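Participant: With these hints in hand, go ahead and build the complete structure from the sequences.
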Amino acid sequence: MVHETHEREPGRPAELESDPGRSPVKRDGAEGELSRLAPILLVDDREENLVALEAMLKDLGHDLVRASSGQEALRLLFHRDFAVILLDVRMPDMDGFETAENIRKRQRSRHTPIIFITAADASADQIGRGYAVGAVDFLFKPFMAEALKSKVRIFLELFKVNLRLRGEIAERERAQQERDRLTAELLQGQKLQALGQLSAGIAHEINNPLGYILSNLAVLDEYLERLGRLLGASLQAVGKSSRPEGSRAQKEVERLSEATDPEFLLRDFKSALWESRQGGEKIRDIVQSLREFSHVDEHDLKSANLNQCVENALRLCTNELKHKAVVRQDLKPLPLLSCYPQQIEQVLVNLLVNAAQSIAEKGRIAVSTRVEEGRIVIRIQDSGCGIPPEHLEKLFEPFFTTKAVGKGTGLGLHVAYKIVTAHGGKIDVASKVGEGSEFTVTLPVSGPAVKPR
Amino acid sequence: MDAATLASGEPTRLTRQHLVVCVDDDAAVLSALTRLLRAEPYEFVPTDSPEKALDLVRTRDVSLFIADYRMPEMSGTGLLQLVKSSSPTTVRLLLTGYPRATWVLQAQERELMHVVFGKPWDNEDLKQTIVKRLHERERSVAG
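Chains V and X, in that order, are what the protein sequence lines are.
Residue numbering for the first sequence follows the numbering used here, starting at 17 and increasing by one per position.
Residue numbering for the second sequence follows the numbering used here, starting at 367 and increasing by one per position.
The set of hints was computed from the structure by calculation and includes no laboratory data.
All figures in this text were calculated on a predicted structure; none of them were measured in a lab.
Here are the in silico distance ranges between beta carbons for each label pair: (1) G296/V - G484/X: 12 to 22 Å; (2) K442/V - W469/X: 32 to 42 Å; (3) D237/V - R476/X: 36 to 46 Å.
Computed list of lysine-lysine pairs in PhoX-like fashion (alpha-carbon distance at most 25 Å, straight line): (4) K157/V - K74/V; (5) K121/V - K176/V; (6) K418/X - K450/X; (7) K338/V - K418/X; (8) K338/V - K298/V; (9) K448/V - K410/V; (10) K318/V - K442/V; (11) K450/X - K378/V; (12) K418/X - K378/V; (13) K493/X - K286/V.
Going by beta-carbon spacing under 10 Å, a handful of chain V positions derived as facing chain X: (14) A216; (15) G217; (16) H220; (17) E221; (18) I222; (19) L226; (20) G227; (21) I229; (22) L230; (23) N232; (24) D284; (25) S287; (26) S292; (27) Q294; (28) K338; (29) H339.
The beta-carbon is built from N, C-alpha and C at its ideal position, and this holds for glycine as well.
Facilitator: Below, the structure is given as structure tokens:
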């Protein structure tokens, strides 16, 4: 492998290396960019005044744009943003004040700094009017070039700072979008991981009913055959009843009937069908829960009854819970909640799996829902090993786990925390080592104030 | 299909004295197996109680023991271990919805069961396996 050696850090072109003696008149590079972006508008009806202003301002290095009237200035303002406008007061047609008013009326130029240029004999009234229409400063003729330059420079700086701030805001918005995207991935990843944990149990929940459905169908096939033979013989016997072969056929029917035991077959047939149908429905339900849970990313808020979410979560976790704990449900009527029901289910699945795993051999899990003080409260309590106090404070942190490497990622509770807070709610835990834990999820009935995520 | 010959040439027969006990917490599974094995030459005893099943193993001669794994009161492997200690010659068959699981392979290594059947099972395969194992047991017990 070839090791490449670079002597300069990438991304820093030579010409931008700082040089304190550098003149501000630089036109290329970053500075040139800004000078194009921060033009100065000079408005005066007299050519000689415009020329004088240009001469005074040219070594600031910024673009200077001329307008000979208020109308022309307004036209130019349609196309460009200016860092500062130098406005002559006394102009025919539209005077400086009227021009300034019109500039202020426009959204785009509402905040552009305006410096009025006027004769020294301007009255207090005029000056007052000038400030009233939004001027930031007055310059009285005759004035010194330095005075003009220093005032203009202030607003040029402000303009540059403004641009930089806007750049930073855009940068932060991009960073936020990136964060949102990663959060979405985290949620999805954790959901898949939870599904993975449940998959063995879910396979069992599906294979079990499948076992007896297929078995029963095969047995029913055989029942049908036996009943069919009996039926065939009976019909034959009925057909032959008045003929000499009649009694032999009749005996055959009696023999078959005893061997077949049709009453039992018919009864058991019905039972088998009913049990198989129940099994089919169990499979249907679990597949439905699975589909809902693993559905990729909801984007719309839905009105959901959280008791339904509880039932779905319990169904998905049946196998995890079945041989570990007796589950007691106490679900009170709940109002509909505007939320992302899949995400709520994800939280519940995490809590239920944790509860089951905290129980060593046999225990109890109690799930309750109710409305308290205008909030939906879901409690999941277990009789498991409990959580020591020093772990409680870190419980919802990402990657915090007490499980062995490879057994748990430590994301479940963190994601649960994120989901619940995004919904405007909170999640709490109370626990005692050796006795068990209780997780409480509280959600405002009004739902998330802002779209979660 | 209820007779076979010993190596010495003597036939064995399966009768209602031969017990096949089955434990599963799902009543529909027990019902389906009962239906399937009703006409078999041995006596099929289904139960959802591991205690009752263990009791039978201790007090009677149980030829074959079928257990599901995931049960509320006791894990399937725990049960099989108890059956093994109590009656080592009883044939043990594990019925499970997830036959490839690590714990199944581990249990096989520990010789907790002789046969593993996945759910869903094949009816004929199950029937034939039970009969075959019963005959094998008879031969080894008698011989």
